[in-house]
Amino acid sequence: MKKFNIELKIDEIVSQVKGEYISRFDTKLDSVSELEDANPKSVCFFENEAYVNQLKACKAGLIIVSPDFDNSLNEFSNLLKVEKPYFTFMVLVKLWLEMDKQTKENIISSKAMISPSASIGENVSIADFVVIEDNVKIGNDSKIEANCVIKEGSVVGNNCHLFPNCTIYDNMVLGNSVVLHAGVVIGADGFGYILYDGVQEKVPQIGNVIIKDNVEIGANTCIDRGTLGSTIIEKNTKLDNLVQIGHNVRIGENTIICSQVGIAGSTTVGDLVYLAGQVGVADHVKIGNRVMAGAKSGIHSTLKDGIMVLGYPARDVALQRRIMAAETKLPDIYKNYLKNKKKENKE
Amino acid sequence: MKKFNIELKIDEIVSQVKGEYISRFDTKLDSVSELEDANPKSVCFFENEAYVNQLKACKAGLIIVSPDFDNSLNEFSNLLKVEKPYFTFMVLVKLWLEMDKQTKENIISSKAMISPSASIGENVSIADFVVIEDNVKIGNDSKIEANCVIKEGSVVGNNCHLFPNCTIYDNMVLGNSVVLHAGVVIGADGFGYILYDGVQEKVPQIGNVIIKDNVEIGANTCIDRGTLGSTIIEKNTKLDNLVQIGHNVRIGENTIICSQVGIAGSTTVGDLVYLAGQVGVADHVKIGNRVMAGAKSGIHSTLKDGIMVLGYPARDVALQRRIMAAETKLPDIYKNYLKNKKKENKE
Amino acid sequence: MKKFNIELKIDEIVSQVKGEYISRFDTKLDSVSELEDANPKSVCFFENEAYVNQLKACKAGLIIVSPDFDNSLNEFSNLLKVEKPYFTFMVLVKLWLEMDKQTKENIISSKAMISPSASIGENVSIADFVVIEDNVKIGNDSKIEANCVIKEGSVVGNNCHLFPNCTIYDNMVLGNSVVLHAGVVIGADGFGYILYDGVQEKVPQIGNVIIKDNVEIGANTCIDRGTLGSTIIEKNTKLDNLVQIGHNVRIGENTIICSQVGIAGSTTVGDLVYLAGQVGVADHVKIGNRVMAGAKSGIHSTLKDGIMVLGYPARDVALQRRIMAAETKLPDIYKNYLKNKKKENKE
Chain A
0 MKKFNIELKI DEIVSQVKGE YISRFDTKLD SVSELEDANP KSVCFFENEA
50 YVNQLKACKA GLIIVSPDFD NSLNEFSNLL KVEKPYFTFM VLVKLWLEMD
100 KQTKENIISS KAMISPSASI GENVSIADFV VIEDNVKIGN DSKIEANCVI
150 KEGSVVGNNC HLFPNCTIYD NMVLGNSVVL HAGVVIGADG FGYILYDGVQ
200 EKVPQIGNVI IKDNVEIGAN TCIDRGTLGS TIIEKNTKLD NLVQIGHNVR
250 IGENTIICSQ VGIAGSTTVG DLVYLAGQVG VADHVKIGNR VMAGAKSGIH
300 STLKDGIMVL GYPARDVALQ RRIMAAETKL PDIYKNYLKN KKKENKE
Chain B
0 MKKFNIELKI DEIVSQVKGE YISRFDTKLD SVSELEDANP KSVCFFENEA
50 YVNQLKACKA GLIIVSPDFD NSLNEFSNLL KVEKPYFTFM VLVKLWLEMD
100 KQTKENIISS KAMISPSASI GENVSIADFV VIEDNVKIGN DSKIEANCVI
150 KEGSVVGNNC HLFPNCTIYD NMVLGNSVVL HAGVVIGADG FGYILYDGVQ
200 EKVPQIGNVI IKDNVEIGAN TCIDRGTLGS TIIEKNTKLD NLVQIGHNVR
250 IGENTIICSQ VGIAGSTTVG DLVYLAGQVG VADHVKIGNR VMAGAKSGIH
300 STLKDGIMVL GYPARDVALQ RRIMAAETKL PDIYKNYLKN KKKENKE
Chain C
0 MKKFNIELKI DEIVSQVKGE YISRFDTKLD SVSELEDANP KSVCFFENEA
50 YVNQLKACKA GLIIVSPDFD NSLNEFSNLL KVEKPYFTFM VLVKLWLEMD
100 KQTKENIISS KAMISPSASI GENVSIADFV VIEDNVKIGN DSKIEANCVI
150 KEGSVVGNNC HLFPNCTIYD NMVLGNSVVL HAGVVIGADG FGYILYDGVQ
200 EKVPQIGNVI IKDNVEIGAN TCIDRGTLGS TIIEKNTKLD NLVQIGHNVR
250 IGENTIICSQ VGIAGSTTVG DLVYLAGQVG VADHVKIGNR VMAGAKSGIH
300 STLKDGIMVL GYPARDVALQ RRIMAAETKL PDIYKNYLKN KKKENKE
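Chains as they are written, first to last, in numbering that gives the first Met the number 0: chain A, 0 to 346; chain B, 0 to 346; chain C, 0 to 346.
Keep in mind that the hints were calculated from the coordinates and are not lab data.
Take these hints with a grain of salt, some might be off.
What the hints assert, rightly or not - Label pairs and their computed distance ranges (CB to CB):
(1) C:Ser109 - B:Leu72: 53 to 61 Å
(2) B:Gly120 - C:Lys136: 30 to 38 Å
(3) C:Lys303 - B:Asn139: 54 to 62 Å
(4) C:Glu74 - A:Lys100: 55 to 63 Å
(5) B:Val16 - A:Lys201: 49 to 57 Å
(6) A:Ser116 - B:Leu194: 37 to 45 Å
(7) A:Asn344 - B:Asp67: 48 to 56 Å
(8) C:Lys58 - A:Ser116: 28 to 36 Å
(9) A:Ile193 - B:Lys340: 44 to 52 Å
(10) C:Asn335 - A:Asn344: 18 to 26 Å
Unchecked claim - Covered by chain B, according to a simulated footprint, are these stretches of chain C (three or more residues, beta-carbon under 8 Å):
(11) 70-81
(12) 174-182
(13) 265-274
As the list claims (entries may be wrong) - Capping the alpha-carbon separation at 25 Å, the derived lysine to any residue pairs in SDA-like fashion look like this:
(14) B:Lys328 - A:Thr26
(15) C:Lys83 - C:Glu48
(16) C:Lys110 - A:Ser116
(17) C:Lys142 - C:Ile119
(18) A:Lys201 - C:Tyr195
(19) A:Lys340 - B:Asn339
(20) C:Lys142 - A:Lys334
(21) B:Lys303 - C:Leu194
(22) B:Lys342 - C:Leu194
(23) B:Lys142 - B:Ile209
(24) A:Lys334 - C:Val178
(25) B:Lys83 - C:Gly197
(26) C:Lys328 - A:Thr301
(27) B:Lys83 - C:Tyr195
(28) B:Lys93 - C:Glu346
(29) A:Lys110 - B:Ala111
(30) C:Lys100 - C:Leu7
(31) A:Lys142 - B:Pro203
(32) B:Lys100 - C:Pro115
(33) B:Lys136 - A:Met0
(34) A:Lys234 - B:Glu200
(35) B:Lys58 - B:Glu6
A virtual CB, placed ideally from N, CA and C, is assigned to each residue, including glycine.
Only chain A is shown next, with the shape it has when bound in the complex (with noise of 0.2 Å):
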C-alpha cells in the first residue's frame, strides 16, 4: 500500500481517466495498493483471474477493472470500467505522485558543499553532505539527494533525480530526466592494463560517460568513462541494479538491461534490446536492434537485428533449447557409445 500526501475525491479520479463509472458510495482517496490490503480510501486494478477471490472480499474505495467486468463479483467497492485497467491504475499513480511532489519545497541544504563555480539552475533540490565540485552545471528542477557527490565538470540536466551515495566522476555528461539509483557510479575509470616488463601498467582513462534523456540507472550500477573516447548510453534506456558498462561502451535507446548484466568494453548494443539476468557480453561485440537474450547468456561475437539468443556460447534460442533438452540425455547416449564401442572392439 502507498499512501499519498495528498487525498483526493473520487470524483477528482474517475474525471482523468475514459471509462465507465459504477458508483456505490462517495469517499475520499488516499492510497493505492493490492486488492487484499485496500480500505474505503484506496484504490485498486483488477485484471487477472487468478486473484477472483481477493477481489470479492475487497472493499476499496474504488477498483479499476475491465468493461466486460461482472459487476456482481464485487459489492462493495466503486468500480471504474476502462480497456487497460493495469495501464489506466499506472496512468493515475503517476499523476497522484506528480501532484503530491508539488506539495514539498525544494531546498538547497545548507550543509551541502557546493563549489562557487558550479552553476545551479531553477528549482533545483540539494539534499545534505551533497559534493558539488568546480565547475559542475545542473539544470532546472533536479533533485539531489543526500551524499551524493558530483566532481568537477560534470552536467546533469533538467529533471533529473539523484538518489542518496551516488558518484559522478569529473567531466560526465548526463541529460534531462535522467534517474540514478543508490550507489551508482558514472565514470570510474574503464579496465585497462598492459603487462610491460613484468608488471601490470595501466592505459590511462580519461574519456567520459555521456547518459541520454530518460535513462534510468539502477542501485550500485557502474558505467566506466571512456578510455579516450565516451561510453554513450542513449535516451529512454534502463538499466537495473548492479550492472557492469565497461569503457567506449555504446547502448542504444529503449534497450533493457536486467541486473547483474555486465557488457565489456567498446561494444556496441542496438536499440530496443533486452538482455536478461546476468547475461555477459564480450569486448568489441556488435549487438543489433531488437536482440533478445536470456538469463545467463554469454555473447561472443555479433549479434544480427531481431535475434534471440540463449545459452553459453549464445546461440540461436531454437537450438539451443533443443540442445538443452538434447544434454538430458546425453548420459544415455554415452552409454549407449560406450557399448557400441565394445561391441565394435569385439567384432
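We have chain A already, so just place chains B and C on it with the hints.
Leaving out everything else, chains B and C in the frame of chain A:
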C-alpha cells in the same frame, strides 16, 4: 589476530565454558588468533589435524582442544578441553566482542542531520553525516554508521547495525537485530517498464521492503521495493555481498543466499534454502524449503522441497553431474556419429 | 577528448620522447583525443589501419605515428614517428596528468571528521564529509575523496587515492599507491554461518584485509575481511568493478580480475592470472600462476600453473571448445540415437 580493548584473566575465560583446564602458567588474555600468529596473551583453537605443525610450535596463552587431545603435542600453552573446540572458540569470541562493545559510548553526532519528526530510541548511536529524514523511527540500541541515509517514514528496529554508506529508501521496515553492511541499498525501484508507442514507460514502484529480525545483508547488496506490495526477507536469513533481490520477492527463514546471486521479481524462496554464488532465479518461480542450488545454477521453474539442483537450466544434481561427465566425451561421440553417418551413406 | 589545465608547447612534448618529428606548424597543445574529435591543440595517435579515414581528415596539433608512416596520409598535422605510437601516447598522457595534478592544492577539509588520534601524513588531501576514526594512519601524498569512511585502526599507505563513497572497515591495511574507485567496500564480514538448533548462527569475522602496493580496485567491489586471519591482495594486482572476494582469499601479484568475478572463501589465486568477466571460483581452491579463465567459467578445483580454462565446470580450453562445437550437433546425435534404438528394438 584480533586484539580486544578489554583484557581478561585466563580464569575469567575458562570459567565461561564446561571443560577440562590444563594450566601451565598464569596469564592475562587480550586477543584471539590463528595458531601461527599467537602470543602468550592470545586464545586459539585446534580442531583440524592439518595444522598440527603450527600447533606444536604455538605459544598461545590458551588453546582450545578436543577432550581426547594428547597434551604432549603442545607444552607451551594452557589447554582447555571441550567437545567442540571451534564452536566453543566462537562462543568466547562473541562474548568478548559483546564486552568490548560496551566500553564504547553511544553518541548521536552533532554532524548528523536528524529530522525533528524522527523518533530515536534509547542508547542509539548515530555517526557523522548520517541523514535521517522525516518520520523515521529507530528502535533502542541501534547503531547507524557514518554517511548512511534513511529516507522518510522508514522504520529500523532495536539493536540494528547499519555500516557506513547504506541507503534506506522511504517507507521501508527493518525488524530487530538487522545488520546491513556498507553500501547496501534497501528499496530502490523495482525494474518494471512497459513498451508503449515505442518508448519504455516506467511502471511506478510504490511498495516497500520488509526485513525481519536477525537478517544480515552483505556489502553493496540491493533489495528492490515491491511494485505495489512488499518485498519480504523473513527472519534469520543471510544475504552475502552484491546480491540482487527483485521487487515482490519473498525469501523464507534461515536461508543462505551467497554472493552475486540474482532473484528476479515475484519469486518466492522457502526456508533453509541454500543458493550458492552467482545463482540466478527467474521471475515468478517458487523455490521450496531446504532446496540447495550449486554455484551458477539458473533456476527457471518451480522446485519442490529438499531438491538439490545444479546447472543451467538447473537440473537434479545427480543428473547434472552425469551430464557434465558425459560432456567431456561429447567430441568423441560426435566423431563417431559422423563416421557412422558416412558409413550409412555409403551403404 | 581530455582537456588539461596546463598547456604545453609542442616542443615540450616532442622532447619527451625519442622519435622523428615532422613539423608543419607551431602550436600549443592542451588536450588529447581520438582522431575524429581532434583540434589543432590536441594530441592523437594512429596505430590501427581501421581508422585511416579518420586519420586523413584529422586536424590535430600532433599525431603520433609509427616510423614507416606515409606522411602524405595526413597533411594537416604535425607528426611524431616512434616505435610504439599507442604506448608513447600513453606515456605522454601520464606525464601530462601528473603535471596537471600538481597545480591543485591538497587540502584537509574543515568539513571532514578526523579523530584526534588519527595520524595524517604530509601533503594529504581529505575532502568534505570524510570520516576518519580513531587511530587510523594515512601516509604521505594520499587523497581521500568526499564521503569516504575509514574505520578505527586502519592504515592507508603513501600516495593512495580513494574515490568518493568508499568504506574501509576497522583494522584494514592498505599499502602504497593503492587506488579504490567509488563505492568500494574493504573489510565487510566474511559470509560464515553455522546452522545450530535450526537457526543460522554467525561465525564471528574478526580478521582483516591486507592490500599491497599498486593495487587498483574497481567501483563497488567488495573484499571481505578474514574470519580470523587476513584476506590478502598482493602487489600490482587489478580488480575491476563489482568483484566479490571472500574471506581469507589470497590473490597473487600482477593478476587481472575482471568485472563481476566472485571468489569464494579461502581460495588462493597465483601471480599473473587472468580471470575474465563473471568467472566464479569455489572456496578452498588453488589457482596456479599464469592461469587464464574465459568469461563465465566456474572453477571448482585446483588449476596448475599456466593452464587455460573455459566453461562450467571449467575445463581445458581446447577440450571445452570442442565440446561447445559438438553441442550444436547434439540434437542430431540424439535423433540418430533414438532412430537406432528403435531399430534395435525391432531387431
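Against the structure, the hints:
Checked against the hint of 53 to 61 Å, the C-beta distance between Ser109 (chain C) and Leu72 (chain B) comes to roughly 58 Å, which is consistent with it. At roughly 35 Å, the beta-carbon separation of Gly120 (chain B) and Lys136 (chain C) lies within the given 30 to 38 Å, and the hint holds. The hint said 54 to 62 Å for the Cβ distance between Lys303 (chain C) and Asn139 (chain B), and at roughly 55 Å that hint holds. The supplied range of 55 to 63 Å is met by Glu74 (chain C) and Lys100 (chain A), whose beta-carbon atoms lie about 58 Å from each other.
Range check, Val16 (chain B) to Lys201 (chain A): about 52 Å between beta-carbon atoms, so the 49 to 57 Å window is met. Judged by the Cβ atoms, the range 37 to 45 Å given for Ser116 (chain A) and Leu194 (chain B) holds: they are separated by roughly 42 Å. One distance hint, 48 to 56 Å for the beta-carbon pair Asn344 (chain A) and Asp67 (chain B), holds here, with the actual separation near 54 Å. About 31 Å separates the C-beta atoms of Lys58 (chain C) and Ser116 (chain A), a value consistent with the hinted range of 28 to 36 Å.
At about 48 Å, the CB distance of Ile193 (chain A) to Lys340 (chain B) agrees with the hint of 44 to 52 Å. At roughly 21 Å, the beta-carbon separation of Asn335 (chain C) and Asn344 (chain A) lies within the given 18 to 26 Å, and the hint holds. Under a criterion of three residues with beta carbons nearer than 8 Å to beta carbons of chain B, the stated coverage of the region 70-81 of chain C fails, only 0 such residues being counted. Evaluation of the coverage hint for the region 174-182 of chain C: breached, as 1 residues show C-beta separations to chain B shorter than 8 Å, against a requirement of three.
For the region 265-274 of chain C, the assignment as covered by chain B is violated, since 0 residues bring a beta-carbon within under 8 Å of that chain's beta-carbons and 3 are needed. Straight-line distance between C-alpha atoms of Lys328 (chain B) and Thr26 (chain A) comes to about 71 Å, which puts the hinted pair past the 25 Å bound. For a cut-off of 25 Å, the pair hint linking Lys83 (chain C) to Glu48 (chain C) stands: about 14 Å separates their Cα positions. Distance restraint check for Lys110 (chain C) and Ser116 (chain A): the Cα-Cα separation of roughly 19 Å lies within the 25 Å cut-off, and the hinted pair is therefore satisfied.
At roughly 11 Å between alpha-carbon atoms, Lys142 (chain C) and Ile119 (chain C) fall within 25 Å of each other, so this suggested pair holds. For the hint pairing Lys201 (chain A) with Tyr195 (chain C), the CA-to-CA distance comes to about 48 Å; that exceeds 25 Å, so the pair is violated. A threshold of 25 Å between alpha carbons decides the hint, and for Lys340 (chain A) with Asn339 (chain B) the separation of about 12 Å falls inside it, so the pair holds. The hinted pair formed by Lys142 (chain C) and Lys334 (chain A) fails the criterion: a straight-line CA distance of about 63 Å is larger than 25 Å.
With a C-alpha separation of about 21 Å, the suggested pairing of Lys303 (chain B) with Leu194 (chain C) holds against the 25 Å cut-off. Restraint check for Lys342 (chain B) and Leu194 (chain C): the C-alpha separation of about 59 Å exceeds 25 Å, so the hint is violated. For the given pair, Lys142 (chain B) sits about 19 Å from Ile209 (chain B) by alpha-carbon distance, which is consistent with the 25 Å threshold. A distance of roughly 54 Å separates the Cα atoms of Lys334 (chain A) and Val178 (chain C); the hinted pair therefore is violated under the 25 Å criterion.
Annotation: proposed proximity of Lys83 (chain B) to Gly197 (chain C) holds, straight-line Cα distance about 18 Å (limit 25 Å). Of the supplied pair hints, the one linking Lys328 (chain C) and Thr301 (chain A) holds, its CA atoms being roughly 21 Å apart against a limit of 25 Å. Restraint check: the Cα-Cα separation between Lys83 (chain B) and Tyr195 (chain C) comes to about 13 Å, which is no more than 25 Å; the hinted pair holds. As the CA atoms of Lys93 (chain B) and Glu346 (chain C) are separated by approximately 72 Å, the hinted pair breaks the 25 Å bound.
Restraint check for Lys110 (chain A) and Ala111 (chain B): satisfied, since their Cα atoms lie roughly 10 Å apart, inside the 25 Å limit. For the proposed pair Lys100 (chain C) and Leu7 (chain C), the alpha carbon gap of about 15 Å is at most 25 Å, so the pair holds. Annotation: proposed proximity of Lys142 (chain A) to Pro203 (chain B) holds, straight-line Cα distance about 18 Å (limit 25 Å). For the hint linking Lys100 (chain B) to Pro115 (chain C), the alpha-carbon distance of about 21 Å falls within 25 Å, and the restraint holds.
With a CA separation close to 19 Å, the supplied pair Lys136 (chain B) and Met0 (chain A) stays within the 25 Å bound. A threshold of 25 Å between alpha carbons decides the hint, and for Lys234 (chain A) with Glu200 (chain B) the separation of about 12 Å falls inside it, so the pair holds. About 18 Å separates the Cα atoms of Lys58 (chain B) and Glu6 (chain B), which keeps this hinted pair within 25 Å; it holds.
Hints 11, 12, 13, 14, 18, 20, 22, 24, 28 from the list above are not met by this structure, while the remaining hints are.
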